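*Asks:* Residue-level listing of the chains:
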Amino acid sequence: QKEVEQNSGPLSVPEGAIASLNCTYSDRGSQSFFWYRQYSGKSPELIMSIYSNGDKEDGRFTAQLNKASQYVSLLIRDSQPSDSATYLCAGGGADGLTFGKGTHLIIQP
Amino acid sequence: SAVISQKPSRDICQRGTSLTIQCQVDSQVTMMFWYRQQPGQSLTLIATANQGSEATYESGFVIDKFPISRPNLTFSTLTVSNLSPEDSSIYLCSVGGTVQSGANVLTFGAGSRLTVL
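Order-wise, the sequence lines are chains A and B. In terms of this note's numbering, the first sequence is residues 1 to 109. In terms of this note's numbering, the second sequence is residues 1001 to 1117.
Derived by calculation from the structure, the hints in this document are not laboratory data. Keep in mind the model is a prediction, meaning the values are calculated, not measured. Beta carbons: idealized from backbone N, C-alpha and C, even for Gly. A couple of the hints might just be wrong.
[Stated by the list, open to error] Pairwise CB distance ranges (calculated):
1. A:N22 / B:S1027: 34 to 44 Å
2. A:S26 / B:P1039: 35 to 45 Å
3. A:G16 / B:T1020: 43 to 53 Å
4. B:L1117 / A:S82: 30 to 40 Å
5. A:P81 / B:G1040: 21 to 31 Å
6. B:S1069 / A:S40: 25 to 35 Å
7. A:D58 / B:N1072: 43 to 53 Å
8. A:R28 / B:E1058: 19 to 29 Å
9. A:L11 / B:S1069: 23 to 33 Å
[Claimed, not checked] In silico lysine to aspartate or glutamate, EDC-like type, Cα no more than 20 Å apart, as pairs:
10. A:K42 / B:D1011
11. A:K42 / A:D83
12. A:K101 / A:E5
13. A:K101 / B:D1011
14. B:K1007 / A:E45
15. B:K1065 / B:D1087
16. A:K56 / A:E45
17. A:K67 / A:E57
18. A:K56 / A:D83
19. A:K101 / B:D1087
20. A:K42 / B:D1087
21. A:K67 / A:D55
22. A:K101 / B:E1086
23. A:K67 / A:E3
24. B:K1007 / B:D1026
25. A:K2 / B:E1058
26. A:K101 / A:E45
27. A:K67 / A:E5
28. B:K1007 / B:D1087
29. A:K101 / A:E3
30. A:K101 / A:D83
With the rest of the complex left out, here is chain A (with noise of 0.2 Å):
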């Protein structure tokens, strides 16, 4: 069975410093990874999407892959509070998406 597992936090950050998520997944098939983020109440919205080994940064957010560890990041810099909410990770194929429970990240003012 395809896991992604995330540590569900919360995890709580002070403004202004790097959050860091992980995940790891159980599918050496997957080939391709994805962050939404999902505000309380909200549908999830893609904010990253990584395929290859290394990183790959957008803005203030940087995907991390490591195929090898099945493992992927994200790295939030200059934390906000409007970054506070569940990040999901999700990875897969052709086959379709699996993801995560989510971490819970909280950004102290």
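Given the coordinates of chain A, assemble chain B onto it according to the supplied hints.
*Replies:* The following block gives chain B in isolation, referenced to the frame of chain A:
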């Protein structure tokens, strides 16, 4: 990306009744999916809505409980039948766009929050 309109946004239903959720997309899409998100849980795929043929259901979900229609490439409905309190959840419509490696990048509707009394 596609704009998805989903309704109702929330509803409270009595045990034993049914609720039909509608999903309208502003452009034609090949891949449309229905997910469930139970309280404190992640997203679970219910089924893939196929245009012109029966939906493809994931393990643990059956057509009698979750009938799906997909009459065209912009519209789908999900019905949750014979409701019980365990069906209280958020139901999400999503559409997929294929990127490299063939993975589906999903865009979600706003969701329908169902409470069953």
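*Asks:* Would the pair B:K1065 and B:D1087 pass a check requiring their Cα atoms to be no farther apart than 20 Å?
*Replies:* holds, 10 Å
*Asks:* Is the Cα-Cα distance between B:K1007 and B:D1087 20 Å or less?
*Replies:* holds, 17 Å
*Asks:* Would the pair A:K101 and A:E3 pass a check requiring their Cα atoms to be no farther apart than 20 Å?
*Replies:* holds, 10 Å
*Asks:* Is A:K101 close enough to B:E1086, meaning Cα to Cα at most 20 Å?
*Replies:* holds, 19 Å
*Asks:* Does A:K56 pair with A:E45 here, judged by a C-alpha cut-off of 20 Å?
*Replies:* holds, 18 Å
*Asks:* I want to verify a distance hint. Is the separation of the beta carbons of B:L1117 and A:S82 within 30 to 40 Å?
*Replies:* For A:S82 against B:L1117, whose Cβ atoms are near 35 Å apart, the range 30 to 40 Å holds.
*Asks:* Taken at face value, is the distance from the CA of A:E5 to the CA of A:K67 at most 20 Å?
*Replies:* holds, 15 Å
*Asks:* Okay, A:N22 versus B:S1027 on CB: inside 34 to 44 Å?
*Replies:* Given a distance of about 35 Å, which is inside 34 to 44 Å, the answer is holds.
*Asks:* Is the Cα-Cα distance between A:K67 and A:E3 20 Å or less?
*Replies:* holds, 15 Å
*Asks:* Starting from the hint 19 to 29 Å, judge whether the C-beta atoms of A:R28 and B:E1058 obey it.
*Replies:* holds, 21 Å
*Asks:* Can you tell me whether the CB distance of B:S1069 to A:S40 sits inside 25 to 35 Å?
*Replies:* holds, 31 Å
*Asks:* Hint says 23 to 33 Å; check whether the CB-CB distance for A:L11 and B:S1069 agrees.
*Replies:* violated, 41 Å
Checked against the numbered hints above, the structure breaks hints 2, 7, 9, 13 and satisfies the rest.
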